[in-house]
Amino acid sequence: MDIDRPSDPQVSVVSSDGTMFHTTLKSILLSGTIKDMIEHIGEGGVENMGAIPLQNVDSKTLEIVIKWIEHHKDNIQPTSEEIKDKTADFIDPWDENFLEMDLDKLYNLITAANYLNIPQLLWLSTRKIAMLIKNRTPQEIRSLFNIEDDWTPQEIEAVQKENQWCEEK
Amino acid sequence: MENSANLYNLPNEILLKIFKFSQNHKNLSEVCKRFYELTTFLNEDNLSLTIKCKQLINPHFDLEKILNDSSSIILTCNSKGIKNFNDKFDLFLKYHGHKINTITDYNQTHFDIRKFIHLMPNLEKLSYKCPTTNEDEEISFDNFKDSSVPLKNLEIFNDPGKVWTIFKIFNIEELTIKKKFQVDENFLEFFACCKNLKNVVIEKFQDVSSLLEILSTKQLESFKIIFELDKEDDDEIILKFLETQKNLKSIKIHQISDKILSYVCKNFKNLESLSIRLSEDRKDEIFLKINNLKSLKTLTVKAYSRKQIDFENLCTFSLPNLEKLNFDGGRFEKFLIKKLADNFKNIKSLKMYATPFEYYEILLEILTHFNQLESLSVSTSLWHLVTIPEEFFTTLHSNPNLKTFIYEKQCFDKLKDKMKLKMTRDFPNLENYPEEVQYYFAPKYDAFSLKHFLLDLTDVKNGNEILKDCSVIFNTGTGHNVARAKRDGKKEITIDIKRYFYDQQFKTILKTPRKLKEITIVANIQLIRSGAVHYLEYLKSIGENVTSLTIQKSRQSDQQQSMAIFKNMNAKFLSKIIESFPNLKTLKLEISSPKLVEKAVMIKNTKIEEIILIASDENYSNRHYEHSEYFKDFFKHFQFPENSLKSFKIISESYKRNETFDNYAILDFLENQNLLTEFNENRSNEERWENGKVKYVYTYEALSE
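Chains as they are written, first to last, in UniProt numbering: chain W, 1 to 169; chain G, 1 to 705.
Same shape as in the complex, but just chain G:
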């Protein structure tokens, strides 16, 4: 009898349990094909890598960098609990105010735009909540009088009363009214100045007639009324208003009556966007009239649950220009997807809310049949949330057009990293991920798992424009963030070396980036010394291709981790590190403390062309060392190779305004070392906004002629 009790016959789940005990999966992977496949799965529970996408701002991002790099900023500002907010805000605006084009300002009342608007010369959109003012208080217009702020889009959260008048200097094109207010003299004065008003959104209003009567004097392009209309009187008022409008391209009416919908479908043949909530007692044939709107590009239909949207008839509509289709409410059957896709071949954006019962099957149908889709958003009710099975990913059709994909997060919660990677691969141009794509990598990884992970990542990155600039950080010092990638615009792998680097496992992991050209060592060298031999051996093994080396201290605010890298360090060891890179052309060193303890050493890299030394104050520390002391001390201990050096730069970044460095010491150094016998020198000062403070940056540069 054949022995059925064979290791090979155990189910995958058990073999994986056995393999997980092993630290080295290499031998296992070579036993047979099945074991090879299984070992590639071992990494999945543990990989921790965070890929951030363009639009997401989160704590892992360097906010300073974003602020400095971005050409426009959307400001959501809450001043509550911030001491001296006005002073800080004033300083912030001084540096970044010109980049602000939108302010969303929902929940605070302390921040008075009137005081700051002159500091935001490019502001285009403002969500405004009027500060509570005393009736008798004189409103200051000083900053508004000569304003050239191009404000066009105004959103009003409360009745501004007298404040209306301050907005009359702007050329408002789009007005959104969020709360009820009185059409009084102040409003009329403001309204009279809105020469180019094109779009109006009314979210809350009681006396519609007075407002619509005034709006009738303008020819609008877009009209949206979002609050409940249930009186017949209101119907008459809206009809009367619509009769005055000839140019409307976009209409949104929250609860549209049959009467108004009939009028719209008959009289606005050029309508491009229609958004309606169907009334419960509507007649079925009214819905069919939408088919008359041949210019329609966007259609949004909301329904009451008791009266369904007539999806079957919708699938027969002839709307050749339709690109965006949004449903809210109603049951959507899986078989309709194909019909819908066949009928509306140009659909680029599809949104379905609280609709599908067979959530993942419908999602799959949509992704299969809507080939032009650029944006997809599908949600369902709590009762129909199911975990997306792996088949979903294996049968997924790749769609290079898809840029936005919003799905029910819970359904994807238990997804394996491999599946997420596949998704990232199938939708290479996805810009708005519904959540950051995260991969967890626990401390108990092994080199084999990491290899597979990195191969997958490389594969994804190669085919994905958005992710291709990701870099990976191996942070061996902390548990869950062992490996994480962040988007920082540099094609580099940063190795954040902490106390575990001498570990054998770590040594193997470090062999990953063999072909690196740029390398950054974020390090506490004092700790590194305890494993110096392994470390230098490793650097040599990867060092041949490296042409650019940066050694910097950890950026984390944890004081212990940020200990100065040159504090009490061995200059010889640093020179050994540098020498591990025989083809180095650029060397960037961040130095922090003037306590080098050994004799001068010669750095023998003969190909170094550029050296940059940086001394920078730490944000959390109130101590300010004299940076010139750092440099002097550094010069005492290092000798650089002659001849090859073409550029030598010293940068001091200090929160202290008077910080300067001693130019004589630099010149002495250069002279003593016979460096740059003929050079041009440049000096520059610059101020930078960092961590809520101004940082003063002094640069000295010597370039060979």
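In isolation and in its complexed conformation, chain W is listed as follows:
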């Protein structure tokens, strides 16, 4: 180890609305996007690089993201490829609790996790939405997520007829 440098240097990030957050290099490297940025800075650049601007993430969401990455900084994170084979059955109770938030926050978290390329966080947050959808009728899904019904009666009838094929008895 390089004894002149701290083992986990501090890194600063700035949200789209100008708020600065401080976290550790180890935590922030869970973001594939930031990892790529840092790798491009080159030798010895981390301490001197200044705050990293994140134009697509607001401060409320960035705070949530930082809370999550700091909690998981010591865990081995699955890659995007590994995530594909993951089953939805079990998740860490801490994460379950962490994701207890209103829908607006959840949408923003999903968008941020996608932009920052944090596969595990994206997986957890999209799974959360999927669990909300589960076992709901089309009308219930529309109401819950405020989605407009753009089918004409004839169209929906045709789709339903088509779907009879895979209905369970």
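It is possible that part of the hints are untrue.
In silico lysine-lysine, DSS-like type, Cα no more than 27 Å apart, as pairs [claimed, not checked]:
{"#": "1", "chain 1": "G", "residue 1": "20", "chain 2": "W", "residue 2": "134"}
{"#": "2", "chain 1": "G", "residue 1": "269", "chain 2": "G", "residue 2": "249"}
{"#": "3", "chain 1": "W", "residue 1": "161", "chain 2": "G", "residue 2": "540"}
{"#": "4", "chain 1": "W", "residue 1": "105", "chain 2": "G", "residue 2": "20"}
{"#": "5", "chain 1": "G", "residue 1": "33", "chain 2": "W", "residue 2": "134"}
{"#": "6", "chain 1": "W", "residue 1": "161", "chain 2": "G", "residue 2": "33"}
{"#": "7", "chain 1": "G", "residue 1": "517", "chain 2": "W", "residue 2": "161"}
Covered stretches of chain W (in silico footprint by chain G; criterion: 3 or more residues with CB under 8 Å from a CB of chain G, positions within the stretch not fixed) [as the list claims (entries may be wrong)]:
{"#": "8", "region": "102 to 116"}
{"#": "9", "region": "119 to 132"}
{"#": "10", "region": "137 to 148"}
Restraint ranges, calculated between C-beta atoms of paired labels, are given here [said to hold, decoys possible]:
{"#": "11", "chain 1": "W", "residue 1": "135", "chain 2": "G", "residue 2": "649", "range": "48 to 54 Å"}
{"#": "12", "chain 1": "G", "residue 1": "158", "chain 2": "W", "residue 2": "35", "range": "55 to 61 Å"}
{"#": "13", "chain 1": "W", "residue 1": "137", "chain 2": "G", "residue 2": "389", "range": "33 to 39 Å"}
{"#": "14", "chain 1": "G", "residue 1": "401", "chain 2": "W", "residue 2": "75", "range": "56 to 62 Å"}
{"#": "15", "chain 1": "W", "residue 1": "76", "chain 2": "G", "residue 2": "34", "range": "57 to 63 Å"}
{"#": "16", "chain 1": "W", "residue 1": "137", "chain 2": "G", "residue 2": "339", "range": "55 to 61 Å"}
{"#": "17", "chain 1": "W", "residue 1": "101", "chain 2": "G", "residue 2": "404", "range": "54 to 60 Å"}
{"#": "18", "chain 1": "G", "residue 1": "683", "chain 2": "W", "residue 2": "157", "range": "56 to 62 Å"}
{"#": "19", "chain 1": "G", "residue 1": "649", "chain 2": "W", "residue 2": "161", "range": "42 to 48 Å"}
{"#": "20", "chain 1": "G", "residue 1": "342", "chain 2": "W", "residue 2": "155", "range": "43 to 49 Å"}
{"#": "21", "chain 1": "G", "residue 1": "339", "chain 2": "W", "residue 2": "18", "range": "55 to 61 Å"}
{"#": "22", "chain 1": "W", "residue 1": "102", "chain 2": "G", "residue 2": "404", "range": "57 to 63 Å"}
Hints in this document: simulated from the structure, not taken from any laboratory. Cβ atoms here follow ideal geometry from the backbone N, Cα and C, with glycine treated the same way.
Once you've looked at the hints, dock chain G against the given chain W.
Leaving out everything else, chain G in the frame of chain W:
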């Protein structure tokens, strides 16, 4: 303020991630139009279906069936590492030798054609590598002496020396020489007998003059010289040879000098095919002389990279008969495609190698402007390989003429199945696919995805002559091969049922083939029993239209999967399966083991007209049961409906020659059941080549009068 954080506002890629958690996409698809569209994409990563095309032979094919069905075989034979090759080959030829018309025999030396040629009475083309022989060894001519083999096309890989003379009995019309050899007495003796020699290809030769001097005595139709000619002396020799030739229709000269090209363009006005590699130091005006060859149907031009092919001038040539155009080397600009297509309206075949820089744009231009194209092959250099984008497929022009399409495989590697299906649809008559068209379907599918996939497949198959006979196999037991289609000439869906069939998902998937008339159940019934209720319910739901039912054991060589289907099985359950098909007319059962455990049951299907019982030895197993025991046991446990039965057939297929079955048991059975009171019986024996062995097939058939 409008709430921008809405599920609907999330990008497609994220919505798809959310939807993928769902096992049932039905409700999602009904929420709104966008969700409906998105759910149809969910299947794409996972579908696994293999459509094999006519000409491809690969492990999924039943080789035995191909050998038996094909009228001609191209044999590529490598005897290395095969024990007792000669004996096995001899046996193989006994059954299939008459179908062999071509032998390509590049890499082995142990297989001596002289020993086998009499077993291939229809051999027309032979690529021959002479076995290494001791100079003093006496060459046997025994099998050649009275041969009526119609060998016309001979390709020689090494100097045959004395062996030349054995070929003199054939009426060789096309001769290809791949390696240098001496024009000696043996060759002259062979050559003197080639009365009808028309085509000569020379790939490697040192002393051209002696060979061309001899060839000058013949009037050839096609002359190809493929090795490097760089001496002026050679030019003179070739010119001298060309002066003797009046009938040449096809010329190929690897590195043609300005002098020879000028001569050819001036003197061979009836030339139909010209293939040249242009020299680096050529004068520009020489290329323009090709425009004199008004009869040209095929033009192949290769170029050095430093000196480009003059494509702009080529676009102005007036060659009204040109149908095939091949380029190799040189940079080809996208804007030239239209010019080329406008100028050569009859082009049916186009090949471009290492040429285009804008790979997919050029491909698209070609497919847009060359409307008559039957064959297209475009490659590019490694540096210009790009993944073909989806726009390529959305803007693709359909071309029903296109039969062959060879493209850079890497560029199409990441293609989605939907795109591949579209391509298959746009080129309905494509015969030679560059690779098998594959669709992957992982175990985590859902009924909704499968439905869309099958609808697409049906759509493709309906418009595609070549694929229309595809069948689909749902193999629920193995990971990646969950669903695959294979070409086996039957319009049927084979359901390969393994241990997962009782799964709820599987149950829904099985609802697919509602309108099937023929159904094959490939099954280990012992496993099926654990989900019997679901299974019977399913069969009833699809069974009404089925008139033909086959129940057979799995053909896979995995012993566990191939467990006998009637081993320790419940006869009542089998009868229930059969009864799920109330309109059944033909019942075909493969039985394997004499261990039925329950009392006799009555099969109540009153419309059954034809019953076929088969007992067949497994290839991997060395055990041979007495098939008559199988049948006897079967008869003990089943009673068939009276009156309707018109045909009853028993087939025993055994690797053991003496296998017979007990006719008395059959007659007893028929009598006991009051079946076929008045019938005619037929018996026949047949031998079939299967899995490198002879299979003896005994058939007993009773037909009502």
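Item to check | Claimed coverage, the region 102 to 116 of chain W by chain G - three or more beta carbons nearer than 8 Å | outcome: It holds: at least three residues are needed, and the region 102 to 116 of chain W offers 7 whose Cβ sits within less than 8 Å of chain G.
Checklist entry - Is it true that the CA of residue 161(W) sits at most 27 Å from the CA of residue 33(G)? => result holds (15 Å)
Item to check | Cβ separation of residue 102(W) and residue 404(G), checked against the hinted range 57 to 63 Å | outcome: With a Cβ separation near 59 Å, residue 102(W) and residue 404(G) satisfy 57 to 63 Å, so the hint holds.
Next on the checklist: Holds or violated: the 56 to 62 Å window for the beta-carbon distance between residue 683(G) and residue 157(W)?
Outcome noted: holds (60 Å)
Checklist entry - Has the hinted range 55 to 61 Å been met by the Cβ atoms of residue 339(G) and residue 18(W)? => result holds (58 Å)
Item to check | Beta-carbon spacing of residue 158(G) to residue 35(W) - inside the hinted bounds 55 to 61 Å or not | outcome: holds (60 Å)
Next on the checklist: Just to be careful, I want the Cα atoms of residue 269(G) and residue 249(G) compared with a cutoff of 27 Å; is the pair within it?
Outcome noted: Measuring from Cα to Cα gives roughly 9 Å; hence the hint holds.
Item to check | Straight-line alpha-carbon gap residue 33(G) to residue 134(W), limit 27 Å | outcome: Holds, because 19 Å separates the two Cα atoms, which is no more than 27 Å.
Checklist entry - Has the hinted range 57 to 63 Å been met by the Cβ atoms of residue 76(W) and residue 34(G)? => result Check failed, 36 Å falls outside 57 to 63 Å.
Item to check | Outcome of range test on Cβ distance (residue 649(G), residue 161(W); 42 to 48 Å) | outcome: holds (43 Å)
Checklist entry - Given the hint that residue 161(W) pairs with residue 540(G), does the C-alpha gap stay at or below 27 Å? => result holds (21 Å)
Checklist entry - Can the region 119 to 132 of chain W be counted as covered by chain G under the rule of three residues or more with Cβ-Cβ separation shorter than 8 Å? => result As far as the region 119 to 132 of chain W goes, the hint holds, because 7 residues have Cβ atoms under 8 Å from chain G.
Against the hints set out earlier in the document, a violation occurs for number 15 only.
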